[in-house]
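Please take these sequences and the hints and turn them into a complete structure.
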Amino acid sequence: MFEWKKDHHHIEGMPSFLELPIRLNGLTDRVDFFTEFGSLLGVRGEVIYVEVKPLGSFINEVDHIIVIATKGRYEFVLKTFSSWGLLKWFPLWIASYARANFSISGKSRLKNELRARLVLRKAGVKTPYLYCYDMKRMKALYEFIEGENLDEKVKAARRDGDTNSLEDVYRRAGLEVARIHSSGYILGDCKPANVIYSNTGQLYYVDLEQARGGNIRLSGWDVCEFIMFTGRFFLLPKKARKLCEAFLQGYLEEGDKRVLREAASIKMSQPFVGLVSPAVFQSLRSLMLEHAE
2 MFEWKKDHHH
12 IEGMPSFLEL
22 PIRLNGLTDR
32 VDFFTEFGSL
42 LGVRGEVIYV
52 EVKPLGSFIN
62 EVDHIIVIAT
72 KGRYEFVLKT
82 FSSWGLLKWF
92 PLWIASYARA
102 NFSISGKSRL
112 KNELRARLVL
122 RKAGVKTPYL
132 YCYDMKRMKA
142 LYEFIEGENL
152 DEKVKAARRD
162 GDTNSLEDVY
172 RRAGLEVARI
182 HSSGYILGDC
192 KPANVIYSNT
202 GQLYYVDLEQ
212 ARGGNIRLSG
222 WDVCEFIMFT
232 GRFFLLPKKA
242 RKLCEAFLQG
252 YLEEGDKRVL
262 REAASIKMSQ
272 PFVGLVSPAV
282 FQSLRSLMLE
292 HAE
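Numbers given in my numbering equal positions in the sequence shown, counted from 1, plus 1.
None of these hints come from the bench; they were simulated from the model. Take the hints with a grain of salt, since some may be wrong.
Quick list of the computed label-pair ranges, beta carbon to beta carbon [to be verified]:
1) VAL274 to LEU41: 43 to 51 angstroms
2) LYS127 to LYS156: 19 to 27 angstroms
3) GLY185 to LYS108: 44 to 52 angstroms
4) PRO22 to ALA280: 50 to 58 angstroms
5) GLY214 to LYS108: 43 to 51 angstroms
6) ASN216 to SER83: 37 to 45 angstroms
7) LYS239 to THR201: 26 to 34 angstroms
BS3-like, lysine-lysine: derived pairs with alpha carbons at most 27 angstroms apart [stated by the list, open to error]:
8) LYS54 to LYS123
9) LYS108 to LYS137
10) LYS154 to LYS54
11) LYS108 to LYS123
12) LYS127 to LYS154
13) LYS239 to LYS154
14) LYS127 to LYS258
15) LYS243 to LYS258
Glycine residues also receive a C-beta, built at the ideal position from the N, C-alpha and C atoms.
Shown next as structure tokens:
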């Protein structure tokens, strides 16, 4: 049976969410789970069918859950926090372990994500609604956000030759990242793919498993990662600079220039050598230094 968690003295700062035994391995398990707990998750009517579709690459361990019931269609996102999921950022972890100190175990990453939601909400930053989690199986069930992540938006804008349309979105993202940093927290894995631009024009931050308390140095990692992961889509600096400049301008509305100086440092940017073309890499480092003055 489920239970409402009244406190989590063994987990500092853990919010009180509904903890459920999330069982979705087969069709029978899926239907049984939503039949038993669906009313707690907003599902109305008799559950007829539950479909599971992978979201993103096979190493992301994130699934799109579609529930068909007699009174409607309901969509969720199921995330699993296993060691296999480390592959998605393992190369950067190897390159930057002295800088970002990634969390490794699935349980610690799930705890990070649960805590971070409260911090971001207090900072005025949106995250998908968390319906429930299962600490034993290391799973969490979230609201599904209709939209595209900023990786997809940048690729589409580059293809269409219209990156100007994204500058306002990037400025907003920079401002919101600054608000997170001003609250004493970092995202840890702060890249455009982890920011969803919803169909209603809102920004939602996902993949918070590396989020934790931060400082100037770690905030610099967040900014450097976001800038360099944007730059990797461009062979020449001009359009990459315009987008990243919008991000930095937004960041400086409430952020600290010392963070940008740290982000531009050799030790922080070195892991991205090879990910970004040399011309773009140097141009973006210079851009961060210019805004740090």
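Here's how the hints hold up against the structure:
1. VAL274 to LEU41: 43 to 51 angstroms: Check passed, 48 angstroms falls within 43 to 51 angstroms.
2. LYS127 to LYS156: 19 to 27 angstroms: Check passed, 23 angstroms falls within 19 to 27 angstroms.
3. GLY185 to LYS108: 44 to 52 angstroms: violated, 23 angstroms
4. PRO22 to ALA280: 50 to 58 angstroms: holds, 52 angstroms
5. GLY214 to LYS108: 43 to 51 angstroms: Given a distance of about 18 angstroms, which is not inside 43 to 51 angstroms, the answer is violated.
6. ASN216 to SER83: 37 to 45 angstroms: Given about 29 angstroms between the Cβ atoms, the range is violated.
7. LYS239 to THR201: 26 to 34 angstroms: holds, 31 angstroms
8. LYS54 to LYS123: Outside the cut-off at roughly 32 angstroms; violated.
9. LYS108 to LYS137: holds, 8 angstroms
10. LYS154 to LYS54: Judged against 27 angstroms, a Cα distance of about 22 angstroms means the pair holds.
11. LYS108 to LYS123: Holds, at roughly 24 angstroms.
12. LYS127 to LYS154: holds, 18 angstroms
13. LYS239 to LYS154: Status holds; Cα separation ~18 angstroms.
14. LYS127 to LYS258: It holds: about 24 angstroms lies between the C-alpha atoms, which stays within 27 angstroms.
15. LYS243 to LYS258: holds, 19 angstroms
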